[in-house]
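Assemble the whole structure, with the sequences as input and the hints as a guide.
Protein chains in written order, with numbering that gives the first Met the number 0: chain A, 0 to 506; chain B, 0 to 547; chain C, 0 to 171; chain D, 0 to 107.
Because the hints were derived from the structure by calculation, they are not lab data.
On a predicted model such as this, the values are computed, not experimentally measured, just so you know.
Don't be surprised by glycine CBs; every beta carbon is placed ideally from N, CA and C.
You may find that some hints are simply not true.
[Stated by the list, open to error] The following label-pair restraints were derived from C-beta to C-beta distances: (1) P242/A to P242/B: 26 to 32 Å; (2) T454/B to L306/A: 42 to 48 Å; (3) I159/C to G432/A: 47 to 53 Å; (4) F15/B to G489/A: 18 to 24 Å; (5) F15/B to I54/A: 40 to 46 Å.
Listed below, chain by chain, are the residues.
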Amino acid sequence: MEAEAFDVAALAPLGFVAIGALVTLMLEVVLSRRAFVGEGVDPETRLVARARIGIVLAFASSAAIVLAMYAAIYQFELGFETAFGPGRPMLQLDALSTFATALIGLGALLSVWLSITYLPALRINHGEYYALLLLSTAGMFVLVSAVDLISLYLGLELTSLPIYALAGFNRRRLRSNEAALKYFLMGAVASAVLLYGMALLYGATGHTDFTGISQGFAGGGGLALSGLALVIAGLAFKVSVVPFHQWTPDVYEGAPTSVTAFMAVTVKTAGFVVLMRFLVLALPEMGEKVSVLLGVLAGLSMLIGNLMAVVQDNVKRMLAYSAVAHAGYLMVGFAAGTPEAWTAVLFYLFVYLFMTVGVFCVVIALAQGGREWDSIEDFAGLASQRPALAAVMTLFLLSLAGIPGTAGFMAKFYLVVAAVDAGQIALVLILVGTSMVSFFYYLRLPVVMYMQKRRQDPDAETSSSEIVVLALCAAAILYFAFFAQADPFGTGVRALDVAGRAADFLH
Amino acid sequence: MLGPYVDAYLISWVVFLPLASGLLLLVANSVAGFLLRSNGLPKVVWQVIAMSSTSLTFVASLFGLWGRFDPEETGYQLVERVAWLPDYGIHYFVGVDGISLVLVLLTSFLMPVVLLASWNEIDRWSRSYLFFMLALETAMLGTFVSLNLFQFYVLWEVMMIPMLFIIGIWGGPRRIYAATKFFLFTVSGSLLMLVALVIVYRMNFEQGGALNFDLVRFVGHAPVPGVPLLDTVIPATTESGAPWWQTQLWLFGAFALAFGIKVPMVPFHTWLPDAHVEAPTGGSVILAGVLLKMGAYGFLRFALPLFPDAALAWAPWMTGLALVGIVYGSLVAMVQRDVKKLVAYSSIAHLGFVMLGVFALNLQGVTGAVLQMVNHGLATGALFVLVGFIYARRRTREIADFGGLARPMPVFAALLGFVVMASIGLPGLGGFVGEFLILLGSFGADPWAAVIATTGVVLAAAYMLWMYRRVVFGPLDKPENRGLIDLDLRERVAVGLLALPIVWIGVNPSPLLRRIEPSVSILLQEMELRRSHDEIPSAFEARSQELP
Amino acid sequence: MSFEMFLFYAFAFLAVFSAVAMIGFVRHIVAAAMSLVVTMVSLAGIYVLMHAELIAAIQILVYAGAIVVLFLFVIMLLDLRDGGLGPAARGQNLVKAVGVGGTVTIGTLVVASVSGVFSVNPLVESLPEGFGEHRALGIALFTDYALAVELVGLVLLASIVGAVILAKRKID
Amino acid sequence: MSIPIEHVISLSALLFVIGVVGALTRRNLIVILMSIELMLNAANLALVGFNRVWSVTAEGAARYDGQVFALMVIAVAAAEVAVGLGILLSLIRNRDSLNVDDASLLRW
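Okay, here's the thing in structure tokens:
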């Protein structure tokens with residue numbers, strides 16, 4: 000492959016968030032210097048000062064992310080298409096990578112907004128939070144454009160290391176420590192497995208870039224196949240597909256909720272996009288075997304995710320298993336492996352972002368007094384006290400369940416159409432059957448919110464940043480429920496077409 | 000000024016008017032509070048808004064739809080079609096034929112009556128209640144007029160959400176259980192239908208058709224009368240070499256599950272008594288009056304015409320289930336001690352009649368089934384309304400707690416007697432015509448089925464009259480019953496409004512039949528045309544050439 | 000057997016032996032860390048044999064010099080009285096047994112498949128001049144792989160920030 | 000003569016398996032971390048070994064994919080250990096045990 004001239008502009012999104020991370024680090028130091036002269040400041044003043052600094056940092060990070068998203072969208076509109084690196088292509092700039100970059104940027108942006116009032120509420124308002132979040136976002140930007148095993152591995156580590164730290168960010172809370180530990184240990188093992196798989200692929204094909212691997216892969220052979228299996232296993236861990244999902248419930252529950260929201264949407268997006276690119280570029284004629292393997296993973300994830308979610312009493316845990324189930328739905332698209340399926344997967348990820356951020360935002364809006372209100376009983380009678388919050392929560396849950404009238408249904412619908420088209424009837428039936436199971440647990444929250452009496456009376460209020468996030472997510476879910484493919488406001492953008500353009504990266 | 004728009008989009012106006020006023024209700028309180036500087040307006044304001052919008056909807060459907068509907072013309076009328084998700088062949092596509100017309104009228108008629116009847120029943124969150132009722136009306140009307148499979152599915156599922164909340168928030172003591180059960184049964188049942196829809200859609204495409212979810216082929220401005228539904232050739236069995244999931248037998252099964260749960264047919268009926276007993280009066284009436292009709296309507300509109308071979312193959316089984324429903328429903332109704340539960344089980348029996356008529360697959364049977372849907376909606380609705388009135392006075396529905404109500408409440412007794420007669424199918428009232436046609440059709444299809452069904456008629460008379468006797472006659476031995484106040488004007492008007500069409504249909508059913516029959520006969524022709532005899536592929540080609 | 004081969008097997012034995020010792024039968028955690036050092040150094044020796052001098056040097060610098068020291072530092076910080084290891088690998092339940100078995104199987108598969116694969120691409124006997132020396136590798140690093148080096152910089156930054164915030168003694 | 004690549008890869012596989020076994024069976028957190036390091040080292044050995052096979056391009060120029068990859072992995076491993084030990088320390092502050100099984104708040 001002829002390497003293109005190294006175009007620094009192509010790195011703009013990555014550059015913006017990386018610089019943003021450095022700026023927030025510096026800013027925190029400078030601002031806290033000014034705020035805490037001397038040790039004699041009383042704790043109350045310190046807290047207030049911290050909260051103010053946190054807002055400044057959040058704005059700085061938002062600015063960095065918005066710039067990155069703007070750059071990505073600009074690149075997408077212009078239809079850039081280069082594989083680049085200073086010498087040999089490491090990253091690929093194309094519709095898929097810019098689409099995913101914008102999507103991940105959106106997830107990161109919403110997570111930053113979620114954190115503004117949540118961090119002070121849990122008393123973990125430290126500037127490093129935003130820097131870590133931005134660094135992880137940078138890692139995902141690398142991940143979604145990686146066309147080489149080396150950049151894939153580095154992107155993965157850059158994504159994961161900050162999240163390990165973020166998961167343990169609530170240092171006073173044992174649960175948070177343990178979540179971080181568990182995520183770290185299992186993640187490190189998974190990435191070692193992935194690395195070993197990469198080494199084997201390299202050995203079998205003599206290349207580390209995806210196209211080189213696809214040329215060398217011809218015919219497979221035991222070495223290449225076992226390498227492939229290990230790589231898929233390593234990536235499956237990141238997107239929490241059964242049987243590599245064991246970390247999910249504990250980490251979702253233990254990590255601070257804003258971190259959970261962040262990783263639930265962005266890591267999943269990045270992981271699925273890189274898996275997609277790897278499968279399509281490195282295995283152009285994805286064999287029957289790989290399809291069957293992915294199908295088995297999909298079926299297991301749907302079954303186990305949905306069944307386990309039914310018995311959970313903690314909302315975050317339940318959502319973790321539901322995340323496993325959704326990973327299974329997405330894997331159905333992977334098993335189908337047609338261009339329509341890739342489009343459906345990307346659209347699903349897009350919609351999934353709003354539903355998931357929205358749901359976790361409601362959990363965050365309930366947090367107060369340094370404690371999370373995340374057991375199902377904590378939601379009882381919410382509708383009588385905070386009706387708007389209960390209403391949007393119901394909307395998000397219905398969307399996750401895939402009830403018509405929500406964007407979640409459209410996403411599932413496109414997936415089903417693509418899978419039927421590819422003849423994956425067995426998987427579609429599993430999808431449908433497990434969706435029936437999922438109604439049980441998604442329905443529980445609306446039922447307790449609307450039909451039971453309020454037990455506790457926290458007088459928390461939804462902060463304005465949370466209102467913005469909730470309104471945005473709810474509006475998006477309603478809008479894309481009806482206009483996934485239409486353009487009633489004449490913006491010239493139709494969501495499904497955008498996803499289709501992004502999925503068309505192979506030609 | 001709006002005239003031309005109203006003309007061109009008549010159905011949409013009817014369908015979306017309730018939802019629009021419902022949304023108005025949601026925002027109105029804050030707006031009014033802001034403008035008038037008050038803490039919201041009294042409940043009666045919201046009730047008046049809801050009442051007037053539903054009444055307007057009824058008037059519009061009566062004069063607009065019924066008035067402009069041309070009984071001479073077969074096929075769909077007043078059609079509207081707007082691109083929605085065009086790349087997937089999904090359109091906002093509505094239109095009415097005789098079958099949907101009467102059901103639309105039934106729905107829009109019941110809604111204001113229900114609101115009137117349950118005027119004082121809801122005492123908390125009444126604005127939300129009215130919103131859910133209005134949203135429910137839009138969803139129901141939209142389902143009846145949908146001519147696009149996808150749109151139908153979406154509305155079909157969306158319909159359950161308001162009902163879930165109506166039962167779950169304003170229902171009786173076991174409301175959470177009942178609401179959840181109702182929702183899970185009906186929503187999960189339809190998921191397989193979605194898969195079947197998608198499969199049919201793909202098959203249509205693979206056979207060279209467009210990517211299309213429209214039920215009828217759309218030519219020019221309006222669908223040509225009698226045009227085939229979706230030009231797809233669906234093999235009857237796997238013998239043609241098709242994979243199992245592309246055969247009519249399986250696809251029909253998926254549809255039948257969704258519709259059968261909704262009807263409800265017997266093995267899937269268990270959600271119904273719970274939902275009815277726990278629901279507030281308004282919910283019960285709508286549930287019995289309209290929602291149950293959705294299942295039978297779905298069979299007529301979608302399952303039969305799309306899968307005629309499978310419908311024939313399944314017909315004996317479905318007839319059997321319908322008969323089981325009739326007999327079982329009647330027998331269980333007989334031993335009920337709770338009036339509402341009794342009415343709920345009688346609904347199962349009545350819907351068994353409807354399904355019997357549908358699967359007679361002949362003109363009398365199907366016409367009778369459609370007519371019976373209307374009758375059942377009116378009569379059972381009135382029964383639930385009356386039960387609601389008595390429950391509001393005594394806070395009990397146990398038959399044993401009553402007795403001798405004729406003395407303190409003569410008007411109530413008279414109206415209940417009338418409605419019971421209507422429900423039994425007394426000649427001269429609506430129920431008689433429908434049941435008679437069904438039995439006639441069923442006799443033509445299978446005499447034995449008609450014979451068994453007749454026992455259902457007898458049983459219905461037995462349990463209804465027995466209930467009536469125990470509630471209204473006999474000694475007035477309970478002291479609580481002595482001081483009961485008779486129905487007031489509002490209540491009399493509500494029941495009277497329901498009684499009016501019952502008499503009208505009984506005396507003069509021909510305006511209804513004149514509109515239902517042509518549509519039914521087209522439907523049956525359609526089925527015959529699409530039967531996959533061996534020459535079907537050539538017939539398919541011929542049809543494709545016929546149409547541009 | 001050439002001297003080179005002898006050295007390879009010697010290093011290989013040392014590496015495997017100390018690795019097994021680390022996870023298997025040392026009693027004190029410091030001894031485990033020392034076993035890790037031995038493995039690392041043996042691997043460095045093997046790298047030299049395979050014309051990867053720079054890697055060998057870095058292996059010793061980073062692993063023996065930095066990583067294991069970090070381990071020892073933490074061990075010291077924790078002040079473990081009993082060596083902290085407890086009874087050697089006890090009670091493996093079914094899941095773990097399956098996991099281990101699966102991995103061993105994969106390993107065996109790999110080994111078995113190795114011989115077949117390399118018949119198509121035999122070992123290159125005549126390596127280019129100066130293969131694996133610091134100069135050649137350095138040039139490759141800062142031309143073809145410059146982007147990767149930048150990314151590693153970010154990874155290290157992230158880990159520093161993360162480690163500091165997690166391990167800092169006092170936070171408010 | 001040079002070392003047969005099969006032997007190098009077998010050694011690497013063996014070390015990897017030892018690492019996996021250690022990570023899965025040991026209960027001491029620090030030993031688990033060490034086992035993970037062992038796994039990374041095994042991968043490095045494979046990368047360097049395979050680089051010996053794919054050492055020249057068709058034109059005869061040297062190729063360093065594997066060795067560069069190995070270098071990156073060494074750096075990343077250091078970063079990983081730093082974060083891992085950081086998590087360990089913050090955990091130990093709240094709970095005085097190094098045993099995995101004591102992490103019982105969250106079910107394993």
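Right, here's what the structure says about each hint:
Between P242/A and P242/B, the C-beta spacing of about 30 Å keeps the proposed range 26 to 32 Å intact. Distance hint check: the CB atoms of T454/B and L306/A are about 45 Å apart, consistent with the given range 42 to 48 Å. A C-beta distance of roughly 48 Å is found between I159/C and G432/A, which places it inside the suggested range of 47 to 53 Å. Distance hint check for F15/B and G489/A: the Cβ-Cβ separation is about 22 Å, which falls inside the suggested range of 18 to 24 Å.
In this structure the supplied range 40 to 46 Å holds for F15/B paired with I54/A, their Cβ-Cβ distance being about 44 Å.
The structure shown violates none of the earlier numbered hints.
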